[in-house]
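Q: Take a look at the letters that make up each chain.
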Amino acid sequence: MSLALTASHVRKSYNGRPVLEDVSMSFDRHGVYVMTGTNGSGKSTFLRISALIDDADSGEIVFSSEEGILKHDIRLKRRITLVLPQIGIFNTTVFKNAAYGMNIRGVPGAETAKKVEEVLAFVGLAHKKDQNALTVSSGERQRLGIARALVIEPEILFLDEPTASIDEKNSGIVEDIIMKLKAGGKTTVIMTTHDKDQAGRLADTWLIMHEGRLIPHS
Amino acid sequence: MFLTESFKTAFSLIVHLNAELLGIIFLSLRVSGSALVISTLIGLPLAAFLGFRKFPLKGTFVSLLNTFMGLPPVVVGLLVYLFLSRSGPLGFLALLYTPAAMIVAQSILALPIVASLSYSAIVGVDPIISQSSRTLGATPYQVSLTIMKEARFGIMSGVIAAFGRVMAEVGAILIVGGNIAGYTRVMTTTIALETDKGNFELALALGIILLSISLGINFLLHLIQKKGTIRA
Ligand SMILES: Nc1ncnc2c1ncn2[C@@H]1O[C@H](COP(=O)(O)OP(=O)(O)OP(=O)(O)O)[C@@H](O)[C@H]1O
Ligand SMILES: [Mg+2]
Chain X
153 MSLALTASHV RKSYNGRPVL EDVSMSFDRH GVYVMTGTNG SGKSTFLRIS ALIDDADSGE
213 IVFSSEEGIL KHDIRLKRRI TLVLPQIGIF NTTVFKNAAY GMNIRGVPGA ETAKKVEEVL
273 AFVGLAHKKD QNALTVSSGE RQRLGIARAL VIEPEILFLD EPTASIDEKN SGIVEDIIMK
333 LKAGGKTTVI MTTHDKDQAG RLADTWLIMH EGRLIPHS
Chain S
2 MFLTESFKTA FSLIVHLNAE LLGIIFLSLR VSGSALVIST LIGLPLAAFL GFRKFPLKGT
62 FVSLLNTFMG LPPVVVGLLV YLFLSRSGPL GFLALLYTPA AMIVAQSILA LPIVASLSYS
122 AIVGVDPIIS QSSRTLGATP YQVSLTIMKE ARFGIMSGVI AAFGRVMAEV GAILIVGGNI
182 AGYTRVMTTT IALETDKGNF ELALALGIIL LSISLGINFL LHLIQKKGTI RA
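Chains as they are written, first to last, in the working numbering: chain X, 153 to 370; chain S, 2 to 233.
Be careful, since some hints might not be right.
The calculated lysine-lysine pairs, modelled on BS3-like cross-linking and capped at a C-alpha distance of 27 Å, are [claimed, not checked]:
id	chain 1	residue 1	chain 2	residue 2
1	X	K248	S	K228
2	X	K280	S	K228
3	X	K267	X	K280
4	X	K281	X	K223
5	S	K150	X	K229
6	X	K266	S	K150
7	S	K55	S	K150
8	X	K223	X	K280
9	X	K248	S	K150
10	X	K332	X	K280
11	S	K9	X	K281
12	X	K281	S	K55
13	S	K150	X	K281
14	S	K150	X	K280
15	S	K9	X	K229
16	X	K334	X	K348
17	S	K227	X	K248
18	X	K266	X	K338
19	S	K9	S	K198
20	X	K338	X	K223
21	S	K59	X	K267
22	X	K338	X	K229
23	S	K227	X	K280
Just some of the chain S residues that point at chain X, by a computed CB distance under 10 Å [claimed, not checked]:
id	residue
24	A11
25	E21
26	I129
27	K150
28	E195
29	K198
By construction, these hints were calculated from the structure, which means they are not laboratory data.
Treat the numbers as computed from the prediction; the structure is a model and nothing was measured.
By construction, the Cβ of each residue, glycine as well, lies at the ideal position given by its N, Cα and C atoms.
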C-alpha cells in the first residue's frame, strides 16, 4: 500500500448546523470504497474535505505512506484527485481537457499525448478528442471527468456520484472503468452513489453516512 | 445635389487614397493601437488582482473603475494637458502636442474599459472551473491562469470595446495633440477641422473609413462573443 488515508474525528458545520459530527475511518487498502446515505447526509462534504479541497472545522485528515505521515502540500495534493458530481469543463477540446493535469505538472508534450490518448481510449472517448468538450453529451462529459483524473494516475481517486444523471449504458461504462481500476490494484477508489445495486456490485467496502457519522454497511 | 456630390467626391478620395490621407489613418491606428497595448498591459493584471484577491474597499474600487469607463474624453484631455504643459509636473518631458501625449490620454481612457470588462469576465467564470483545476492539482497561481484562460473571450471583448472607444474619440487627442498637420492629425480631429472649414468631402471620406473600421471591430467582437458562448 503506498498511500493510505485516515480520517479521525472530522467535524464540519455549515451556518451553525452540523453536517459531519464525528467521522473516523481508515482507507488503507487498494480497492473500492462506496459511500451511500440520504441526500444532504454529508457525503460530498466528506469527500471534499478528504480530497483536501475544503477544510474540516476540527479533526484530522492524515495521509501516510512508507515515508510516514505526509504534509498537506501540493506534492501530496497531486497524488490524489476528486471528480466532482458536476464536471467543470474547460472551453477547449476533449483532448486538452484530459491533458490538463499533465500540463500543469509540466509533463513534456509527447509523453502527455501518449498518456491522454491511452486514457481517452480507456474511457471510450478516443474518437471525440478534437471536439469542443462543452458540446459532448452528459454521459461523455462524466467519462471525460474520469479520464481527466486518470491521466494523472492518482493513488486515491475520489468519485462523487459518477453515475448520477447519466443513462444505463453510460453508467455501465463508468462501472466497467471502476472495475478495471479495481482489477489493476494500483488505485484506491472512494466513491458515493445513490444506487444500492451499484454499491453492491462495486464495493469492497460499503460505508453509510448517517447522522454525521460514517458507519460500515452491515 | 450637394449631398450626393459630396459623397461622390468622398468615395473617389477613398478610392484614390493619397499619401496625406493614408498618413492620417495610419497615425490614428498607431496612436489608438499603442494606447490599447499599454492599457491592456496595465488593465489585465489589475483585473486579475481585483478578481483573485480580497482586500478592503474592493467593491468601492470596482465601482470607481466602472464609473471611469464613461470618463469624458475632454476632461481626460484637460487633465493630461495640465500635467504635460510646460508649467505642469511633467512639463520637462516636452510631450505636449506629440503623438506620445495622445497615446497617454487614450491609454487613460481605455484603461478602465479594459480593466473593468476583464474583471467582469474573470469573476463571471463558473466557480466549478476553479474547483476542478484545484482537484486536478493546480497551484493557486495555475488556478488563476486557468480562470483567465476561461475568461479569454470576455477579456478580448473588453479590449476591442476599448479600441472602438478610443478610435472614435476626439476630445482628448484634440487637446493634448493639437491637430498639427502631418504630425498629430488623426482621423477624428481631421473630420472636426475639415467640417469646420466646409471641406465636407474629405471629412466624409474619413468618416466613412472610420465607420468601416468601427464596423470591422464590431464584427470581430460579434465573432468572439459567438465563439465564447458554446456553453452546452
Ligand atoms: N457550501 C455550503 N454552504 C452551506 N451549506 C452547505 C454547503 N455545502 C454543503 N452544505 C450543506 O451540508 C449538508 C450536506 O451536504 P452534502 O452535499 O455533503 O450532502 P450529500 O450527502 O452529498 O447529499 P447528496 O446525496 O444530495 O449529494 C446539506 O444540508 C447541505 O445543504
Ligand atoms: Mg453529494
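Q: So, against the hints stated earlier in the document, which numbers end up violated here?
A: Violated hints (numbers, rising): 4, 8, 11, 12, 15, 21, 24, 25, 28, 29; every other hint is consistent with the structure.
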